[in-house]
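Participant: Keeping the supplied structure of chain A fixed, place chain B upon it in accordance with the hints.
So the sequence lines, in the order shown, correspond to chains A and B.
Residue numbers for the first sequence follow the numbering used here, beginning at 1 and rising by one.
Residue numbers for the second sequence follow the numbering used here, beginning at 1 and rising by one.
Treat the hints with care, since some could be wrong.
To be verified - Ranges of calculated distance between the beta carbons of each label pair, as one might list FRET restraints:
hint: 1; chain 1: B; residue 1: Ala372; chain 2: A; residue 2: Ala67; range: 39 to 45 Å
hint: 2; chain 1: A; residue 1: Asp205; chain 2: B; residue 2: Glu313; range: 48 to 54 Å
hint: 3; chain 1: B; residue 1: Glu63; chain 2: A; residue 2: Ala141; range: 53 to 59 Å
hint: 4; chain 1: A; residue 1: His54; chain 2: B; residue 2: Thr55; range: 34 to 40 Å
hint: 5; chain 1: B; residue 1: His351; chain 2: A; residue 2: Asp205; range: 50 to 56 Å
hint: 6; chain 1: B; residue 1: Ser4; chain 2: A; residue 2: Thr148; range: 39 to 45 Å
hint: 7; chain 1: A; residue 1: Glu218; chain 2: B; residue 2: Thr205; range: 45 to 51 Å
hint: 8; chain 1: A; residue 1: Ala67; chain 2: B; residue 2: Glu122; range: 41 to 47 Å
hint: 9; chain 1: B; residue 1: Glu127; chain 2: A; residue 2: Asp205; range: 30 to 36 Å
hint: 10; chain 1: A; residue 1: Ala71; chain 2: B; residue 2: Leu262; range: 51 to 57 Å
hint: 11; chain 1: A; residue 1: Glu95; chain 2: B; residue 2: Arg330; range: 21 to 27 Å
hint: 12; chain 1: A; residue 1: Asp212; chain 2: B; residue 2: Glu122; range: 32 to 38 Å
The hints are simulated quantities; they were obtained by calculation from the structure and are not laboratory data.
The beta carbon of each residue, even a glycine, is placed where N, CA and C say it ideally should be.
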Amino acid sequence: MIDLTTRYLGPDLRSPMVASASPMNAEPATARMVEEGGAAALVLPSLFEEEILHEDVELNRSMEVGAGHGAEALDYFPTVEAFPSVSDRYLARLEAIKAQASVPVIASLNAASPGSWSTYAQLIEEAGADALELNLYRVAADPRRTATDVEASDLEVVSSVRSSLGIPLSVKLSPHYSSLACFAQQTVDAGADGLVLFNRFYQPDIDLEQLDVVNRIELSRPWELRLPLRWIAILRPQLGPEVSLAATSGVHSGTDVVKALMVGADVAMLTSALLQHGAGHLRTVEDDLTAWMEAHDYTSVTQLRGSATQATVDDPSAFERANCVSALHSWATTGA
Amino acid sequence: MKGSQVLQPLFEFSGACAGCGETPYLKLVTQLFGDRMLVANATGCSSIYGANLPTTPWSANAEGRGPAWSNSLFEDNAEFGLGMRLGLDAQGRHARELVTRLAPALGDRLVQALLENPQDTEEQVAEQREHVEALRASLRDLGAAGGGDAERLATVAGNLVRQGVWLIGGDGWAYDIGFGGLDHVLSSGRNVNVLVLDTEAYSNTGGQASKATPRGAVAKFAAAGKSTGKKDLGAIARAYGNVYVAQISMGANELQTTKALLEADAWPGPSLVIAYSTCIVHGIDMATSMTHQKDAVKSGYWPLYRFRPSEGEEGQPFTPDSHTPSIPVRDFVAAEARFAILERTDPERAHLLSDLLQADADERWRYYEQLAGMHRTVPHEQPVEIGERP
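Chain A extracted, bound-state conformation (with noise of 0.2 Å):
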């Protein structure tokens, strides 16, 4: 019988498939459905500040446009006392999946400046959420600050965070940090319980027949797991086996979470994969994995993790660049 279960943010997961945020997570409706197919924790998609403002601002707006102008009529819609706004549906929503959810529900936070992000953090706390991901999605579009200032900012922003909070927190990175050994290290030391790898960015296309921007987002690709897996492969003998690690991005088969445990991930994520699939998929990725640690002789998912890490390379970077020269050489090889 293998042994699937692996820990994660704290407590002990039934397997190392966890669901990330989608829209399937969204919903109490869809998240059971997605629990029912295997997930061993569910990710909510994020709460997002900007969404928050933006709609209280823009529906009160759209509401009040002519009101009190007209000799015949002071406001064009009926009177609605108080809508519950974005955080309270989010929290709403939260509160209900946790209510018929039998494994851990994890909830996702990507907010813009550092007072909110502790006042929702809070409430989502409150809310029941078993832990927290922090979604650190920032642009550094500003040519006026450096990367040592964003970083202080990001980390601060963790720090916030941890202080107001007693549940478990993550915090999903994106792969353009200047040092991203060291940020990871230091987003551990301002109070990260673990660390998500790594954030997918929004990057629009152009409909050169409408002249417009295409923004919908393009799902995953198993090969985008390449990069996930090299980092996590690097930041685990680093950052020690007391901080979690989920891999995410491109993993869309039961061999994608072989390879992910390999290199020391605790939790494989996926997203675009159900999304693609159905929730049913975890089902065949859970089989896929269980199939080949049979074939390969692996009891135990802890006897798996980390397996393929980089612990007993003395020089991490010069590995990675004797590697690069040699995957260079191979191709120019093949290709002649």
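Facilitator: Chain B in isolation, oriented as in the chain A frame:
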């Protein structure tokens, strides 16, 4: 149409809300027909911004020609406009009789030019104006020798030029309070053009629901979201068979909009043009009025079509003018506060009504697709002479 936007608008500087979806249609109508149109304007937004006395956006060109405008009530505007038509027709008939009676004095050439000009094109209308000026000059030359006929003809000579009568108002008028009269006028077969500026609510009085309000929208008198679908006014008018009907949305297709207005003017019977008009009662960013109109069509919320009554046996009067919907209606209405309110106050009901709203759009599209292939003819007598049409 190419060049239509270099024509002089005879509707300008109205007091409408910024981003109003109605006024661009009025501007366009006056660019196309402003120097030969009479407007019967129902009470509502258009009667308010159309007559913020002592100023009015309805203007005249350098020759002093412009729309003749008057406002009547919600409940009788269609009949009011029909009265204009009947009056014009009576005066036109009388003018033609007088021209015929005075033919010996006026000369065959002028009489023939006046009575036989079909005035189907703007060039022919311009020629007719020249003929009328020549007639007036002849009448002046005749002086007292022309007698009472010449004297009377001088007062009605202007009616020899084709003039369009436009019955204009909002959905509160056309779908609701004035519907009985509108139906009566459409059934009359008379040559009137009805332009419905459809904001899907009583805009001027504060956004009360009308029968044009779509299912799921929150409005005054429909605070829990309107539970029934929008009335298909065009379908009722099409049932007569001899009524020209078009559904337009300028932001989606300005060419189809212009074509529809030109065809409505040209059709010698009743015409009904229903124009999607963005409004502050929708709760949208009014700076996006035109792109919002485009999305309304893309989602199938507001399909474009023209129903051109045909006298041919093989005629297919119904022409869909928009493509198969490419975005869900839910995506389109998400940008409107009137739907967003219910999503927040009663999400369960909002989802139910949203599904039904999508079903409304799907069913409407399916129905219109079937109509597109249907042959239908208008039972008719032999063509009658211009000016003698009922």
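Participant: Which hint numbers does the structure go against, in order from smallest to largest?
Facilitator: 5, 6, 9, 10
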